[in-house]
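Spelled out, the chains give:
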Amino acid sequence: MDEAAASQDNGSDGIIRMIDVNKWFGEFHVLKNINLNVGAGERIVICGPSGSGKSTVIRCINRLEEHQRGRIIVDGVELTNDLKHIEQIRREVGMCFQHFNLFPHLTVLDNLCLAPQYVRKVPRAEAEETAMMYLERVQIPEQADKFPGQLSGGQQQRVAIARSLCMSPKIMLFDEPTSALDPEMIKEVLDTMIELAETGMTMLVVTHEMGFAKTVANRVIFMDGGEVIEVNEPNEFFDNPQHDRTQLFLSQILAH
Amino acid sequence: MADQPTSGGGSQPSKPPPWNDPAVRSIVFQVLALVVLGWFFWTILNNTLANMERRGISTGFAFLDRAAGFGILMSLIPYDESNSYGRTFVVGLLNTVLVAFLGIILATVLGFVLGVARLSNNWVIAKLATVYVEVVRNIPLLLQIFFWYIAVLQALPGIRQSITVGDAFYLNNRGFFFPKPIFGDGFGLVWIALIVAVAAIVCLRKWARQRLDRTGQLFPVIYVSIGLIIGLPLLAFLAMGAPLSFEFAELQRFRLAGGASVIPELMALLWALTMYTAAFIAEIVRAGILAVSHGQTEASRALGLKNSQTLQLVVIPQAMRVIIPPLTSQYLNLTKNSSLATAIGYPDLVAVFMGTTLNQTGQAVEIVAMTMAVYLTISLLISLVMNIYNRRMALVER
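Residue numbers (the numbering used here), protein chains in the order written: chain A, 1 to 256; chain B, 257 to 654.
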C-alpha cells in the first residue's frame with residue numbers, strides 16, 4: 001500500500017496500525033504476530049508480566065526498536081528503514097520513560113525548548129512560551145530554571161511529560177511512567193496523565209496502575225510471552241477476564 | 257554545673273578526657289606531623305649547605321649570567337655559544353613548551369577520532385581503532401621514541417638521495433626541509449585581516465545564536481566562518497600585491513642550504529608522544545561516550561532529533577564531564593613524558609639545562625630545583641585551565 005492510500009483510510013482504520021508484527025532479540029521471539037488498531041483519541045493500557053513484550057510493542061511504534069516482520073503504520077506513514085519516515089513519525093509521537101531520561105546538563109526550560117527549536121525550528125521566544133504553558137499545565141512553572149537533578153522523581157516525570165507535549169504530538173507513549181516513583185509521587189503523575197487524557201490525546205500506556213486503567217482506558221490489552229492474550233474494555237477486563245493467564249495475572253497484582 | 261557529668265541528668269553530655277576527644281587528638285596529630293616534616297626538611301637543607309660549603313661549591317644563581325660556550329641543535333630564539341647559561345634555560349624551556357603544546361593538540365585530535373572510531377558501527381573502522389589502541393598503549397613510550405627516531409627517521413636516505421617534492425620539500429635523515437616564507441612589506445595587513453576574521457566569527461556565532469532564538473532559523477555558521485577565515489586574509493594579501501616570497505632550500509654538495517627545517521629529533525619525539533598519548537585519550541573518549549546512559553540517546557531520538565544533533569546536543573556535552581578530568585592527566589603525562597627527549601638528543605629543558613648546563617657548571621641543586629619548578633608550573637597551569645573548563649561543564653545537582 002502506498003502512502004497516500006494509507007493516509008486516506010487512517011481515519012477509519014486508526015492512527016496506529018500494527019499488522020502481524022514480529023520481533024526477535026537474537027533467538028528470543030519477543031513479539032509474536034501482534035495486531036493492533038488504535039483509533040485517534042483512543043486510550044489504551046497495556047499490562048502483563050515482566051518480559052511479556054509490552055514495552056517492546058510501544059517502543060516499536062517510534063522505532064526505538066526495529067520490528068523484523070509485519071507492518072507498522074503510524075498516522076498514515078509506514079515505518080521502514082527510511083530515515084525520513086522515522087523522523088516524521090518521531091515528530092508526531094511523544095514518549096515518556098520509566099526513568100524520565102531528562103537531559104541532566106540542561107535546565108528544565110532548556111529540556112523543553114530543545115526539540116521544538118532544533119526539530120520544529122520554532123523561535124526561542126515562542127518555544128519558551130509553549131514550554132511555560134505546559135509547565136503550568138503540569139503545575140511546576142516555578143521549577144523552569146532548575147536542573148533535573150534538583151527535582152523530585154514525580155516532578156521530573158511531569159517535566160518529561162511536558163517536554164513531550166512541547167512537540168505537540170498526536171500520540172503519546174508511556175513506558176511504565178510511575179514504576180520508578182515513590183508511592184506518594186505516583187498520584188501527581190497519574191493526575192497529570194488523566195488530565196492529558198481529557199484533552200483527547202491518543203495514549204498508549206504500559207502500566208500496572210489498574211486504577212488508572214479503570215478510569216482512563218478505552219481498552220486494556222493483556223500480553224504474555226510476546227503475544228496479545230486478551231483485549232477488552234476495562235470493566236469487562238477486570239470483572240470478567242476470559243483467559244486463564246489473565247485471571248492469574250490479575251489475582252497476583254490485585255491480591256494485596 | 258555543665259562539667260559535673262553525672263549530676264542530675266544535666267543538659268550537656270559528659271566531656272571525654274582530652275586523650276579520647278577526637279577533636280583534640282586530631283589537632284595534636286596534625287601539629288606533630290607538621291613538626292616532623294619541618295624538622296626533616298630543615299635537616300636536609302642544613303646538611304646540603306654544609307656539604308657544599310665543605311667542598312667549596314658556590315651556591316646561588318650567579319652562574320646564570322656566565323657564558324655557556326656550547327651550541328644547541330635547535331632554538332626558537334637566536335642563540336649561539338657566547339650566550340649565557342640563563343639563555344640555555346630559556347631555549348630548553350621553549351623547546352619543551354613547543355613539543356608539549358603541539359603534542360597536546362595533535363594527541364587530542366587523533367585521540368577523539370580514534371575514540372569515536374572505536375564505537376563506530378563500521379566493523380573495519382572499529383577493529384582498526386581497537387588494534388591501534390591495544391598495540392600503541394602497550395609498548396613503552398621510550399621504545400616508541402627510539403623506533404621512530406632510529407628505525408624510521410634515521411633509516412631515511414641521506415641528503416643527496418632526499419625524497420623530494422618539486423625541489424621544494426625534502427625529506428631525509430637530517431629532517432624535513434620546506435620553503436621558508438619571507439614576509440614582504442605590507443604583509444602585516446594580512447595578519448590584521450586574520451585577527452579581524454576571528455573577531456568577526458566570534459560576533460557571527462553570537463548573532464547566529466540570537467537569530468536562532470529569535471526566528472528559529474539555523475545559520476550555516478561553519479561555512480561562513482571558513483569563508484571568512486580564508487577569504488579576508490586572502491583579500492588583504494591580494495590587495496597588498498601578494499607581498500610574500502619563499503626561500504627554497506637548496507641542495508648543495510653536503511647539505512641543504514637555506515629554507516626552513518624540522519629536525520628529525522623533534523619529529524620523532526612529537527610523533528611518538530602524539531601517538532602514545534592519543535591511544536590513552538581514545539580510551540578516555542570512548543569511556544566518556546559510553547558513560548552517557550542509553551536512555552539519553554533514546555529520549556533525544558524519541559523527541560525527533562537527528563543522530564548528529566543527538567550526539568552534539570545531548571551525548572557530547574554529558575560525555576565531556578567524564579572525559580575532562582582524565583584528559584587533564586593525559587595532558588600532564590604528555591608534558592612530563594616530553595623529557596624523554598633526552599634519549600634521542602632533542603634539546604628540551606632536561607637535555608639542555610639539566611644535561612649540558614648542569615655538567616658544565618655543577619650547580620646541581622639550583623638547576624634541578626629550577627627544572628622541577630618549570631614542570632610543576634606548566635603542570636599546574638594546565639590543571640588550572642582544565643579545572644576552570646571542568647567547572648563550566650559540571651552538572652548542577654541538588
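Treat the hints with care, since some could be wrong.
[Said to hold, decoys possible] Part of the chain A face toward chain B, derived, beta carbon under 8 Å:
#: 1; residue: V30
#: 2; residue: K32
#: 3; residue: L36
#: 4; residue: N37
#: 5; residue: Q68
#: 6; residue: R91
#: 7; residue: M95
#: 8; residue: F97
[To be verified] 27 Å max Cα-Cα, derived DSS-like pairs, lysine-lysine:
#: 9; chain 1: A; residue 1: K170; chain 2: A; residue 2: K187
#: 10; chain 1: B; residue 1: K462; chain 2: A; residue 2: K146
#: 11; chain 1: A; residue 1: K121; chain 2: A; residue 2: K146
#: 12; chain 1: A; residue 1: K170; chain 2: B; residue 2: K562
Source of the hints: derived by calculation from the structure; they are not laboratory data.
Don't be surprised by glycine CBs; every beta carbon is placed ideally from N, CA and C.
Right, here's what the structure says about each hint:
1. A distance limit of 8 Å between C-beta atoms decides the matter here; for V30 of chain A the minimum to chain B is near 17 Å, and the interface restraint is violated.
2. The beta carbon of K32 of chain A comes no nearer than 24 Å to any beta carbon in chain B, farther than 8 Å, and the hint placing it at the interface is violated.
3. Because the smallest distance between the Cβ of L36 of chain A and any Cβ of chain B comes to about 19 Å, over 8 Å, the interface hint for this residue is violated.
4. Evaluation of the N37 of chain A hint against chain B yields a violated restraint, the C-beta minimum of about 22 Å exceeding 8 Å.
5. Interface restraint check for Q68 of chain A: the shortest CB-CB distance to chain B comes to about 18 Å, outside 8 Å, so the restraint is violated.
6. Nearest Cβ of chain B to the Cβ of R91 of chain A: about 4 Å, under the 8 Å cut. The hint holds.
7. Taken as an interface hint, M95 of chain A checks out: its beta carbon lies about 4 Å from the nearest beta carbon of chain B, inside 8 Å.
8. The beta carbon of F97 of chain A is positioned within 8 Å of a beta carbon in chain B (closest approach about 6 Å), and the interface hint is therefore held.
9. Annotation: proposed proximity of K170 of chain A to K187 of chain A holds, straight-line Cα distance about 24 Å (limit 27 Å).
10. Of the supplied pair hints, the one linking K462 of chain B and K146 of chain A holds, its CA atoms being roughly 24 Å apart against a limit of 27 Å.
11. A distance of roughly 24 Å separates the Cα atoms of K121 of chain A and K146 of chain A; the hinted pair therefore holds under the 27 Å criterion.
12. With a C-alpha separation of about 20 Å, the suggested pairing of K170 of chain A with K562 of chain B holds against the 27 Å cut-off.
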